[in-house]
Structures are given as C-alpha cells and as structure tokens.
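Number of protein chains: 2
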Amino acid sequence: MCQLLGMNCNVPTDICFSFTGFQARGGATDVHSDGWGIAFFEGKGTRIFLDPQPSCASPIAELVRAYPIRSKNVIAHIRKATQGSIGLENTHPFMRELWGRYWIFAHNGNLIDFAPKLDGSFIPVGLTDSERAFCWILQQLRAQFGSAAPESENLFTALHRLTLDIADYGEFNFLLSNGGSLFAHASTNLNYIIRQAPFAHAHLNDQDVTVDFSAVTTPNDRVAVIATSPLTDNENWEPMPPGTLWWFEEGKIEQTLRTKPGPEKKRG
Amino acid sequence: MCQLLGMNCNVPTDICFSFTGFQARGGATDVHSDGWGIAFFEGKGTRIFLDPQPSCASPIAELVRAYPIRSKNVIAHIRKATQGSIGLENTHPFMRELWGRYWIFAHNGNLIDFAPKLDGSFIPVGLTDSERAFCWILQQLRAQFGSAAPESENLFTALHRLTLDIADYGEFNFLLSNGGSLFAHASTNLNYIIRQAPFAHAHLNDQDVTVDFSAVTTPNDRVAVIATSPLTDNENWEPMPPGTLWWFEEGKIEQTLRTKPGPEKKRG
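Taken in sequence, the protein lines are chains Y and A. Add 1338 to the 1-based position in the first sequence for the working numbering, that's all there is to it. Add 1338 to the 1-based position in the second sequence for the working numbering, that's all there is to it.
You may find that some hints are simply not true.
Label pairs and their in silico Cβ distance ranges [what the hints assert, rightly or not]:
id: 1; chain 1: Y; residue 1: T1526; chain 2: A; residue 2: K1590; range: 44 to 54 Å
id: 2; chain 1: Y; residue 1: A1496; chain 2: A; residue 2: P1599; range: 46 to 56 Å
id: 3; chain 1: Y; residue 1: P1454; chain 2: A; residue 2: A1496; range: 25 to 35 Å
id: 4; chain 1: Y; residue 1: Q1593; chain 2: A; residue 2: A1453; range: 30 to 40 Å
id: 5; chain 1: A; residue 1: G1518; chain 2: Y; residue 2: P1536; range: 50 to 60 Å
id: 6; chain 1: Y; residue 1: Q1545; chain 2: A; residue 2: P1580; range: 54 to 64 Å
id: 7; chain 1: A; residue 1: G1518; chain 2: Y; residue 2: P1580; range: 41 to 51 Å
id: 8; chain 1: Y; residue 1: P1350; chain 2: A; residue 2: S1567; range: 31 to 41 Å
id: 9; chain 1: A; residue 1: A1496; chain 2: Y; residue 2: T1367; range: 44 to 54 Å
id: 10; chain 1: Y; residue 1: D1546; chain 2: A; residue 2: I1532; range: 45 to 55 Å
id: 11; chain 1: A; residue 1: N1492; chain 2: Y; residue 2: P1454; range: 44 to 54 Å
No lab work stands behind these hints: they were computed from the structure. By construction, the Cβ of each residue, glycine as well, lies at the ideal position given by its N, Cα and C atoms.
Produce the entire structure from the sequences given, and follow the hints as far as they go.
Here it is as structure tokens:
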C-alpha cells in the first residue's frame, strides 16, 4: 500500500515540515520505495515533482524538503507498486486539465478488474488502476457537466456518486484537487488534522524534528493536513472513518458524505 | 522574445551540458527572466520542472543542471513575457494528454488576436497565446483522427496544416513532442546541430564550460539539439530557415516541410 499526504489551506503555506516526515516513509521508516511525487497548486498553475526512485534517497525530494513552495493545495504520494511496474508513467500524482483547471489525483489502494469504458477524452498513459480511475472520473464529470465547470456543491455530489461506483472494485483511498477544493476519500485508512490558532509545537513521528507553528503563522491561518497515518506524535489527528468522502476548502471541512453505511446504519 | 531548447536522441541522454549554457540566458547572459521550465520524457512518463523566477537564480534550475536525467526527448523554455502575466500558469512548457501520451509544447513568438473556437476538449489554464495555440492544435488533431493516434506521417502532415493556419497570426517558433517525435517550427529564429561519432569537444557560448562528448557517448549515439541561438561557439550549428517545420526522431531529421515560400519560390 501507498502513503498519501494532502494539504488544504486558507493562505499559501509551505509543506516542508510535513514533507520532512513523509519523505522518510519512502524507504527509510517505511517500505514504500517504488517512487514518489508531489504536486503544488500556485494560483491556477501547478508544479509537479515526480521521481521513480525512493523518496528517502531522491535529490528531488531533498529539494522539495528544503525549498519552501507556498501553496493552498498540495497532494503527495509515496508508492508501493500493486498494478503497473515501477516507472515514471506509473508514479503518482497524476495530472490532467478539465474546464481550464489542472486536476491532481493520487490513490492508495487496489482496484480489482476496474476496466471502465473510456471514450478517449482522458486516456491513461501508464498502467495503474489509479490513473484509470482518475481518467474515468474526469470523463464522467465532463460528460455530466459539459465544457464548463459546475458549482462546487454539484461537483461534490457527482464525485460522491462516482466514488461509490469505483469503491465497489476495492480499496480506494484518494486525494483529488483542482486547486480550489481538496477532496479526500477514506476507504480504509486516512487521518486529518486542522491546525489553527492558537498554534503550538509539533514533533514528527518519522524523524526527530520539531516546529513551532506559532512562529511561522499568523492568527488567521488555517491548514488542513490529510495523511495515511498521523505525521506527528503530539497532536490530535482525527481518523477519517472508512467509507467517507471529504471536501476541504480554505483549510476547513466544507462537507462530508458517506460511501459506506456508518455504524448507526449497521445497527438499524 | 523567449529562448527555446529541444533535444531528440536515439538513446536516453542527459541535457546537463546544454542546460548549463541555456540556464544562463534566463537573467544572466540574456534578459529572459520571466520564468523557465523544462520537460523530460522518460519512456511514456514525463517530468516537468517549472519556475516563475529567473533560471539563473532558481534552485530548481540548479537541480536540473546538476542531476542527470536521461531522456530521448526534452523541451525547455526561458520566458520573456509578452501575453499573460508572470506566473506559474503562464510558464512554458505546457503539458496535456492526447491518445494516452503526454504532449509537451513551448513557444517563442507572439500571436496577435489568435482566438480560435475551443470546443472544451483542451482549455488553456493560463492566459498566453502559446497555451491557446497548443490547446487548439490538440483539439484539431483529435477532431481529425478521433480517439486513436494516427501514423506519424499523417500526424506530421496534419501538424503542418495547423502550423500554417496559426503562423498567419504572427511569430510562431515552437517545439512539440509526444515523447517519440520532436517537432520544431522555425518561424523566425531557430538553429540545430546533430552530434554523432566522431564526437569532439564542445565549448559553451554562455559560460566557460567545455565537455568532451567522446568520453560520455558510445559510437552509435545520435543527439539532435535545437535552440533559439547556438549554445556552443566551436561547433557548426545549422540555421533553420524561417518558415520550416521539422520532424526529428531518434536523433535525426525525418522530414521537413515549408510553412513559407522559400527563396526559390520568391524568385519565381
């Protein structure tokens, strides 16, 4: 399985601290060593860094860790290959353009026999189930809404329906962003934290590094961080229940929808 | 005006030497300091590095210069903004996916009032004439050939026709690649060199750096390099006549077509 990391903020924020811990998971503190990638939105533009080698030994990861790129939406991924060989074309996150915006997608899980009909509007370049799911999502969104972007509420509703369809095929934790919203689906394993004033010290799980967020933030900053497992050992990360789809915007939760019956329904 | 750099080879080759000279043009030996970018194909995968700051002062450019990424097709660009503000979304090269392959595009020139009808299949994210031209080219190719890639000869013929249409709007030097072929249009100013055995020493124009290509190549290597102006001062760069479209493949010229009447026709 892979490792996901996402960030959604109300002001452009660098991800150097979180990435320092995350980077170690690609072959140092964890076994996910089949490549890694990270995408930063800056306004409507996107920067994406991909490397098919382990992140703990990657000079590109070293640059990302040391070079503060300020972004309101970031998606990163460390790969443990399931479908598709180790190679750049199978390295997450993936990028496409829809409605004049870049879309970024990363997946943790495994979709069995997911082979939807693709009409040619978005075709996978690599051989992963993940890129296939991403292409199908964008194809279906364009088919539903045409050539202009819908309201965010309608987009989230449509994404919920598509997630339900795909989740039938297996484990489907994902992060998706168009630079404005960050969508996260917890299929089995995902956690989040929202950092806001009063800011405190945070200490990484994967490396002995501490940051004093109060020294690098303003009182109005709000930063949501989503990760496969908590990145720090002294903060309260919230587990995202399996079968929940989340919409983050400006560093806060805008809406959540169930993709599996919750505990209440199971009792009913 | 901007600076273009392209490379097309028969074996994966690093571009560190050429990029060392090219990088200096982004604010050091030349005035093009409104951002830069470079895209590498590795198999079907693509790595793209973009930075809206001058390449001569960019830590990302420093990484690219020092980190040998081996690629058969590379496109780089240093920007002097004409249309579209300085910003990541307006930084070349641009990337889209068509027919399950990534396509990379960079432009040097200025298209006046080029506002073609876009059907929504490829929409510019930024505000440059360049990205608009790229989106329109891909839209027209898909409209002509449907959802499967044509033979390369038919692709080149179609690209020639589209280039003729766009070149009516102004200066349109461009580099375009799908990872297999590299297409280059000389509208006003472009030069190329093909390096092959026997390899010799080369010395950069923009920095006092020399490389002995015979020490870093095998006798079968063949590398075509295309640049706005020659990168070395002791090799025979060939000027590409204004109004010529070039198709490079495996480090050699596959075909050229005129997009303006040549000198002979002018006399006729």
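Do the hints match the structure? See the list:
| no. | hint | in the structure |
| --- | --- | --- |
| 1 | T1526(Y) to K1590(A): 44 to 54 Å | holds (51 Å) |
| 2 | A1496(Y) to P1599(A): 46 to 56 Å | holds (52 Å) |
| 3 | P1454(Y) to A1496(A): 25 to 35 Å | holds (29 Å) |
| 4 | Q1593(Y) to A1453(A): 30 to 40 Å | holds (38 Å) |
| 5 | G1518(A) to P1536(Y): 50 to 60 Å | holds (56 Å) |
| 6 | Q1545(Y) to P1580(A): 54 to 64 Å | holds (56 Å) |
| 7 | G1518(A) to P1580(Y): 41 to 51 Å | holds (43 Å) |
| 8 | P1350(Y) to S1567(A): 31 to 41 Å | holds (36 Å) |
| 9 | A1496(A) to T1367(Y): 44 to 54 Å | holds (51 Å) |
| 10 | D1546(Y) to I1532(A): 45 to 55 Å | holds (53 Å) |
| 11 | N1492(A) to P1454(Y): 44 to 54 Å | violated (29 Å) |
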